[in-house]
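Student: Sequence:
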Amino acid sequence: MRRITDNVYLFWAVLTLPAIWFLLERLVLHGKVPYVPWTGVLSCWLLIVTMLVTPLQLLFGPLPWLKQRRRHLGVASFGYALLHLLFWLMNANMGALIRSFLRVEILVGWISFAIMIPLLLTSNDQSVRKMGTDWKRLQRWVYPAAVLAYIHWLMTTHVVIEPVLYAAPLIVLTIWRIIRYRNRMRRV
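In full-length UniProt numbering, the protein residues as written are 1 to 188.
Mixed in with the good hints there might be a few duds.
[What the hints assert, rightly or not] Simulated DEER-style distance windows between Cβ atoms:
1. Arg180 <-> Met94: 19 to 27 Å
2. Arg187 <-> Pro62: 17 to 25 Å
3. Leu24 <-> His72: 18 to 26 Å
Calculated from the structure, these hints are not laboratory results. No residue lacks a Cβ here, since even glycine has one placed at the ideal position from N, Cα and C.
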(Lines of atoms letter the chains of each structure in order from A; the text may use other names.)
(Lines give C-alpha, C1' and ligand atoms only; values in the text may rest on other atoms or scores of the structure.)
Protein backbone atom coordinates (compact mmCIF):
# COMPACT_ATOMS: atom_id res chain seq x y z
CA MET A 1 0.00 0.00 0.00
CA ARG A 2 1.35 3.38 -0.98
CA ARG A 3 1.95 5.98 1.66
CA ILE A 4 -0.16 9.12 1.62
CA THR A 5 2.99 11.19 1.03
CA ASP A 6 3.52 9.36 -2.27
CA ASN A 7 0.18 10.55 -3.66
CA VAL A 8 1.03 13.09 -6.36
CA TYR A 9 -2.59 14.30 -6.53
CA LEU A 10 -2.56 15.12 -2.84
CA PHE A 11 0.73 16.96 -3.34
CA TRP A 12 -0.84 19.03 -6.14
CA ALA A 13 -3.89 19.70 -3.96
CA VAL A 14 -1.62 21.10 -1.24
CA LEU A 15 0.26 23.22 -3.79
CA THR A 16 -2.98 24.67 -5.16
CA LEU A 17 -4.70 25.42 -1.82
CA PRO A 18 -3.44 29.02 -1.66
CA ALA A 19 -4.49 29.63 -5.28
CA ILE A 20 -7.97 28.24 -4.62
CA TRP A 21 -8.27 30.43 -1.53
CA PHE A 22 -7.09 33.54 -3.43
CA LEU A 23 -9.53 32.91 -6.28
CA LEU A 24 -12.43 32.16 -3.93
CA GLU A 25 -11.65 35.25 -1.87
CA ARG A 26 -11.35 37.46 -4.95
CA LEU A 27 -14.15 36.17 -7.17
CA VAL A 28 -16.78 35.05 -4.66
CA LEU A 29 -16.16 37.00 -1.48
CA HIS A 30 -14.80 40.13 -3.21
CA GLY A 31 -12.07 40.33 -0.60
CA LYS A 32 -9.34 42.88 -0.26
CA VAL A 33 -6.42 40.51 0.27
CA PRO A 34 -3.19 41.87 -1.29
CA TYR A 35 -3.24 39.23 -4.06
CA VAL A 36 -0.46 40.71 -6.16
CA PRO A 37 2.26 40.62 -3.49
CA TRP A 38 1.18 37.29 -1.98
CA THR A 39 1.06 35.41 -5.27
CA GLY A 40 4.49 36.81 -6.12
CA VAL A 41 5.87 35.78 -2.74
CA LEU A 42 4.44 32.26 -3.11
CA SER A 43 5.98 31.99 -6.56
CA CYS A 44 9.38 33.00 -5.18
CA TRP A 45 9.10 30.64 -2.19
CA LEU A 46 8.33 27.71 -4.47
CA LEU A 47 11.14 28.69 -6.83
CA ILE A 48 13.58 28.82 -3.92
CA VAL A 49 12.47 25.38 -2.67
CA THR A 50 12.75 24.02 -6.22
CA MET A 51 16.30 25.30 -6.53
CA LEU A 52 17.28 24.03 -3.06
CA VAL A 53 16.76 20.38 -4.01
CA THR A 54 20.18 19.78 -5.58
CA PRO A 55 22.23 21.66 -2.95
CA LEU A 56 20.34 19.83 -0.19
CA GLN A 57 21.08 16.49 -1.86
CA LEU A 58 24.76 17.39 -2.10
CA LEU A 59 24.73 18.25 1.58
CA PHE A 60 22.55 15.44 2.99
CA GLY A 61 22.67 12.73 0.35
CA PRO A 62 19.81 11.47 -1.82
CA LEU A 63 16.37 12.94 -1.11
CA PRO A 64 14.23 10.94 -3.57
CA TRP A 65 10.85 12.22 -2.37
CA LEU A 66 11.88 15.85 -2.82
CA LYS A 67 13.73 15.20 -6.09
CA GLN A 68 10.65 13.48 -7.57
CA ARG A 69 8.55 16.56 -6.76
CA ARG A 70 11.00 19.23 -7.92
CA ARG A 71 9.28 19.57 -11.29
CA HIS A 72 5.89 19.93 -9.58
CA LEU A 73 7.30 22.70 -7.38
CA GLY A 74 8.70 24.51 -10.42
CA VAL A 75 5.39 24.28 -12.30
CA ALA A 76 3.54 25.54 -9.21
CA SER A 77 6.02 28.42 -8.97
CA PHE A 78 5.14 29.37 -12.55
CA GLY A 79 1.43 29.03 -11.75
CA TYR A 80 1.71 31.52 -8.89
CA ALA A 81 3.82 33.83 -11.08
CA LEU A 82 1.01 33.68 -13.66
CA LEU A 83 -1.59 34.46 -10.97
CA HIS A 84 0.67 37.31 -9.78
CA LEU A 85 0.69 38.73 -13.31
CA LEU A 86 -3.06 38.23 -13.81
CA PHE A 87 -3.97 39.90 -10.51
CA TRP A 88 -1.63 42.79 -11.40
CA LEU A 89 -3.23 43.11 -14.85
CA MET A 90 -6.72 43.17 -13.26
CA ASN A 91 -5.68 46.33 -11.41
CA ALA A 92 -3.72 47.96 -14.25
CA ASN A 93 -4.91 50.03 -17.16
CA MET A 94 -3.27 50.17 -20.59
CA GLY A 95 -1.07 53.11 -19.55
CA ALA A 96 0.23 51.25 -16.50
CA LEU A 97 0.91 48.20 -18.64
CA ILE A 98 2.97 50.23 -21.13
CA ARG A 99 4.80 52.11 -18.37
CA SER A 100 5.66 48.79 -16.69
CA PHE A 101 8.15 48.11 -19.48
CA LEU A 102 9.95 51.35 -18.57
CA ARG A 103 10.19 50.63 -14.83
CA VAL A 104 13.23 48.51 -14.04
CA GLU A 105 11.63 46.87 -10.99
CA ILE A 106 8.71 45.65 -13.13
CA LEU A 107 10.70 44.94 -16.29
CA VAL A 108 12.91 42.41 -14.48
CA GLY A 109 9.72 40.63 -13.41
CA TRP A 110 8.49 40.52 -17.02
CA ILE A 111 11.83 39.10 -18.18
CA SER A 112 11.85 36.50 -15.40
CA PHE A 113 8.32 35.45 -16.35
CA ALA A 114 9.26 35.21 -20.05
CA ILE A 115 12.25 32.99 -19.20
CA MET A 116 9.99 30.71 -17.15
CA ILE A 117 7.60 30.04 -20.08
CA PRO A 118 9.90 27.65 -22.02
CA LEU A 119 10.88 26.02 -18.72
CA LEU A 120 7.22 25.33 -18.01
CA LEU A 121 6.51 24.08 -21.53
CA THR A 122 9.36 21.57 -21.32
CA SER A 123 8.65 20.38 -17.77
CA ASN A 124 7.31 17.02 -18.86
CA ASP A 125 8.72 13.56 -19.50
CA GLN A 126 8.21 13.78 -23.27
CA SER A 127 10.36 16.93 -23.50
CA VAL A 128 13.05 15.33 -21.34
CA ARG A 129 13.22 12.35 -23.73
CA LYS A 130 12.97 14.41 -26.92
CA MET A 131 15.48 17.10 -25.95
CA GLY A 132 18.06 14.85 -24.28
CA THR A 133 21.00 16.83 -22.89
CA ASP A 134 19.54 20.06 -24.30
CA TRP A 135 16.72 19.76 -21.75
CA LYS A 136 19.11 20.15 -18.84
CA ARG A 137 20.84 23.08 -20.56
CA LEU A 138 17.46 24.80 -21.05
CA GLN A 139 16.39 24.12 -17.47
CA ARG A 140 19.51 25.91 -16.22
CA TRP A 141 17.79 29.12 -17.30
CA VAL A 142 15.97 28.82 -13.97
CA TYR A 143 19.00 30.55 -12.42
CA PRO A 144 18.71 33.86 -14.31
CA ALA A 145 14.92 33.65 -13.97
CA ALA A 146 15.28 33.26 -10.20
CA VAL A 147 17.80 36.09 -9.91
CA LEU A 148 15.51 38.42 -11.88
CA ALA A 149 12.46 37.36 -9.84
CA TYR A 150 14.44 37.98 -6.66
CA ILE A 151 15.53 41.44 -7.90
CA HIS A 152 11.89 42.17 -8.77
CA TRP A 153 10.85 41.13 -5.25
CA LEU A 154 13.58 43.21 -3.61
CA MET A 155 12.77 46.31 -5.67
CA THR A 156 9.00 46.14 -5.18
CA THR A 157 8.77 45.35 -1.48
CA HIS A 158 8.73 47.75 1.42
CA VAL A 159 10.18 45.14 3.79
CA VAL A 160 13.55 44.21 2.27
CA ILE A 161 14.50 41.83 5.09
CA GLU A 162 11.79 39.32 4.09
CA PRO A 163 13.17 38.42 0.64
CA VAL A 164 16.71 38.44 2.04
CA LEU A 165 15.78 35.95 4.77
CA TYR A 166 13.92 33.64 2.40
CA ALA A 167 16.70 33.61 -0.18
CA ALA A 168 19.56 33.30 2.33
CA PRO A 169 19.59 29.47 2.43
CA LEU A 170 19.57 29.33 -1.37
CA ILE A 171 22.37 31.89 -1.63
CA VAL A 172 24.51 30.11 0.98
CA LEU A 173 23.98 26.66 -0.53
CA THR A 174 24.60 27.94 -4.07
CA ILE A 175 27.88 29.57 -3.01
CA TRP A 176 28.84 26.31 -1.29
CA ARG A 177 27.92 24.40 -4.47
CA ILE A 178 30.09 26.70 -6.63
CA ILE A 179 33.05 26.37 -4.25
CA ARG A 180 32.61 22.58 -4.22
CA TYR A 181 32.48 22.50 -8.05
CA ARG A 182 35.61 24.68 -8.38
CA ASN A 183 37.53 22.53 -5.91
CA ARG A 184 36.52 19.42 -7.85
CA MET A 185 37.67 21.02 -11.14
CA ARG A 186 41.06 21.90 -9.64
CA ARG A 187 41.63 18.26 -8.68
CA VAL A 188 40.94 17.05 -12.22
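Student: Check the structure against each numbered hint from earlier and tell me which ones fail, lowest number first.
Tutor: Violated: hint 1 alone.
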